[in-house]
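Trainee: Protein sequences appear in the order of chains A and B. In this text, residue positions in the first sequence follow my numbering: the first is 3, and each later residue adds one. In this text, residue positions in the second sequence follow my numbering: the first is 3, and each later residue adds one.
Fair warning: there could be bad hints in the mix.
Note that identical chains are pooled: a pair holds if it fits in a single copy or bridges any two copies.
Unchecked claim - PhoX-like, lysine-lysine: derived pairs with alpha carbons at most 25 angstroms apart:
1. Lys173 - Lys4
2. Lys23 - Lys43
3. Lys23 - Lys246
4. Lys277 - Lys4
5. Lys277 - Lys252
6. Lys41 - Lys4
7. Lys277 - Lys23
8. Lys48 - Lys246
9. Lys246 - Lys316
10. Lys41 - Lys252
11. Lys252 - Lys23
12. Lys277 - Lys173
13. Lys316 - Lys23
14. Lys277 - Lys41
15. Lys173 - Lys48
Treat the hints as calculated values from the structure; they're not laboratory data.
There are 2 protein chains.
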Amino acid sequence: MKKMINAVESLLEESLNGFAKAHEDIIQLNHQPHFVSRKHKAKAGKVALVSGGGSGHEPLHTGLVGQGMLDAACPGQIFTSPTPDQMMAAAEAVENEAGILFIVKNYAGDVMNFEIAGEMLDYPHETVLVSDDVSLPKDHPTGRRGVAGTLIVEKIVGAAAEAGATLAECKSLGDRVNDCTASMGVALTSCTVPALGQPTFDIGDNEIEMGVGIHGERGREPMDLANATEIVEHLATAIDAELKPQPGQKILLHVNGFGATPLMELYLVYDLAVKYWQQRGIEIERSLVGNYTTSLDMAGCSITIILLDEELTKLWDAPVHTANLRW
Amino acid sequence: MKKMINAVESLLEESLNGFAKAHEDIIQLNHQPHFVSRKHKAKAGKVALVSGGGSGHEPLHTGLVGQGMLDAACPGQIFTSPTPDQMMAAAEAVENEAGILFIVKNYAGDVMNFEIAGEMLDYPHETVLVSDDVSLPKDHPTGRRGVAGTLIVEKIVGAAAEAGATLAECKSLGDRVNDCTASMGVALTSCTVPALGQPTFDIGDNEIEMGVGIHGERGREPMDLANATEIVEHLATAIDAELKPQPGQKILLHVNGFGATPLMELYLVYDLAVKYWQQRGIEIERSLVGNYTTSLDMAGCSITIILLDEELTKLWDAPVHTANLRW
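Looking at chain A on its own, in the form it has when it is part of the complex:
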């Protein structure tokens, strides 16, 4: 295993310390337990948005804390849920007389720990579960995984909270965004988790993993290495079948790199995805291309679309100022 680290045990702490130093104008880092919160607490009466999850997906979630987006994020060890005490401490630090909204990717550990934190919390709170990965069937026993659509939920609900939406409104909006968001990913290589020291899954030189998860979960089917047009067609068809956008529908198109994919390839995938939906009469109203919901050093990408209406577009466009997303 080749990584620029000192030791598996200190990786998260050292990395968070660097993150906090690089962005001390935007965020602050709490130790024992670990959470990142805004440097300047939001004005009173704003619903506080708290997210979190295993590390290794950066900039999700710590890089998305700041004006117009999250109030706090709890980083777990790599690909491991943060603990309820992190969530409790984060929620208490950012609570602002308007309740707490937990935004949680749908994984058993995250869901359980956020639930425990919620039960112990003395403040009103709601939870939005993100489950945008259409590579699993809708009736999968543990539900669908939350992947790159999580950033979209956090951005849109973040803007609404900033504009004064109530806790109930934020919860309802988050659920609505999740319902009109669908993603699917493909891996060309496996990631290597430092504690494991070797690739999470084997993949042949002429194989790709279609429908892969962001923790190196195997996809729904191995496929022969295909050209980009075929890969995009495969991902887009699964997404399209789920959301069934009609001609004239406006969408946000998000091409997300898994960490080791050059921007050149991500923009090429974006170009092909635009063509796919434009041929079906869909209007690409907004876009986001880059490495946002990563899986350490995995090569590959996911495609996400979100069905937009005027409200969602306006919330997407609202100013955001975080370490790793801003406009």
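Start from chain A and add chain B according to the hints.
Mentor: For chain B alone, kept in the frame of chain A given last:
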């Protein structure tokens, strides 16, 4: 070779098309010859900044075109200089009654082609050569390579041009920034150039390439795989020996990923670099951490420092609005 592409021959064109579609609010793409320019031409009397170089380093340079930074960028084929006709066409498109400044990384092909373009150009023009890579000796026959410091030159001179600096002032400022900027990089893996189809250089499982270039040029020495503290110490010592910052000196510290390095590792490297210079009494006044001057899918990073004064800090802080850098 595993890449999300359709064919080597169409990769650049397809990628540029996607880039142009994703950022049509900021830039426009010219075909035949290829260049990217601002969507909205700068106000009359502003010096026009034109850069360019081989592709594969994205977001450098195309992602840095926009308000407060470049006026145009010319993308060559991967790791191959753009041609003089691209540079001429770009310069003529953005010339704005105040002359053209070429910002050129110091590689033989780029230097020659920008010279040819300059000779054919009917407008006043100057060239800033960037040569910040201290892994080569100062008296190297072809001079030192331009690497991650290029972005810093483009940002700072871009801000000065926006504020009304003359062509002579921009040229002089660019040279001054180059003189107080030093970088060095380390690779954990080689990149794979699509046209070649295999890694550019061999590197053992327990080796790293210290002082590597951004085109997969071998470093100045292979080294045994080291921990992050040792790697940072090695890079920082070479940089420090070059610029010799004195206690109390303010610097901008830039940790740049080569494309396949997770943000977690880059922030960890940043933390260690901060400690290195703080122990020497240096003040880390500004920072930039991320994948900005990449080398396709190479794993590794470079460290860059820039000696700041009040003027440079103010220009660094000035607003910038490009596809891939903005504040």
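Trainee: Honestly, which of those hints from before does the structure not fit?
Mentor: 1, 6, 8, 12
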